[in-house]
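Turn these sequences into a full structure, and let the hints guide you.
Protein chains: 2
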Amino acid sequence: MKLYVAERSGNAHKARLFLSILGVEYEAVDVAYLSLQGPEFRVKNPRGQIPVLEVDGRHIWDSQAILVYLARRYGGEDWLPTDPDGMAEVMQWLALSENELLLGIAQARIGTTFAAGNEDVILVPLDRAKRYAARGLRVMVERLAAHDWLALDRPTIAEMACFTYAALTHEAGIDIAPYGAVARWLERVRSLPGFVAMPGMEAVPA
Amino acid sequence: MKLYVAERSGNAHKARLFLSILGVEYEAVDVAYLSLQGPEFRVKNPRGQIPVLEVDGRHIWDSQAILVYLARRYGGEDWLPTDPDGMAEVMQWLALSENELLLGIAQARIGTTFAAGNEDVILVPLDRAKRYAARGLRVMVERLAAHDWLALDRPTIAEMACFTYAALTHEAGIDIAPYGAVARWLERVRSLPGFVAMPGMEAVPA
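Going line by line, the protein sequences match chains R and Y. According to the working numbering, the residues represented by the first sequence are 955 to 1160, in order. According to the working numbering, the residues represented by the second sequence are 955 to 1160, in order.
Pairs count within a copy or across copies, as identical chains cannot be separated in the list.
The calculated DMTMM-like cross-link candidates involving lysine to aspartate or glutamate, where the alpha carbons are at most 25 Å apart (straight line), are:
| hint | residue 1 | residue 2 |
| --- | --- | --- |
| 1 | Lys-956 | Glu-981 |
| 2 | Lys-956 | Asp-1039 |
| 3 | Lys-1084 | Asp-1129 |
| 4 | Lys-956 | Glu-979 |
Hints listed in this document are in silico derivations from the structure and should not be mistaken for laboratory results. Since this is a predicted model, take the numbers as computed values, not measurements.
This is how it looks when you write it as structure tokens:
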């Protein structure tokens, strides 16, 4: 099994984090961002993005699809239950991770840390990205104020989907302090056996 | 079962379309957009958005989570298989629907039809939304050029997630003509027993 990644890709980290927690062996293949839109990589992923998981010559693109694949293949009912209620609870947070967290925090991170002043490469202008991120973090606080985990009474792929960008708010110019319940949840995820960080996360204030 | 909707909401239509195809009875409750951020509705959905599905007093927010819930509850393995490969294939397209189609077509639709000239209410500026939409439609074409359906060899909730905004490109100022394989797939979805349109779709050129 191969995972196509880039060192500073938050979406790739979601997959790496879950593979590490599951204890699944894989080969990480670093891909240069500039090659993503080239014809060779586009065969693996028509969107020209990482991560891509290669299994027996098949390619699974999109971090959400990769998390679901790994959960179903290696996790039984633990990380993604298949009953209607349990699966819907998890899916709500996968949707939040692909909306508010990706278009909010991840876009603000690009606009702040990786492409400051270069509006052309970002989809969402910085001020709007920060407002959108705030909505996502507020929704997480409302859940986490009274629960340890996002979807169920145990960690699920909701955690794997939402952790990475919530742990990188400092690179997005967003202060996590007003979202205390999220900060405490970040520490719970960090305590899971097999947890791995990514570059940039070491700067998270304790 | 109640579904909170608004007449012109594409995300609400995804749920209505699938409920109709499944033949499931439900009560549609129209919600004024202005009330969505109020405290009463926020109890149903902390994001302050429609659709919300109410089942036995529980609320499922997010169209993706609602599609998954309905598929698992009423569809057996037909609309969302639970094997790792099949589920991952479907999830890829749910992700595309929440990314390129929602941030591309749906945002361009707001910027073109509902809030033209009012940049404050849109997340993605119009030119960028259109470029992002083009990527999503191109990825759909690559799949649909050689297959009848997006994820598997039959319709799944990938169709329910991706149809609505792909059928509303004219409201987003996007010409569907260059994406012929998508246009033909739209017709296949329209032929599914139980199909229902939403206002605006009647203007789709044949």
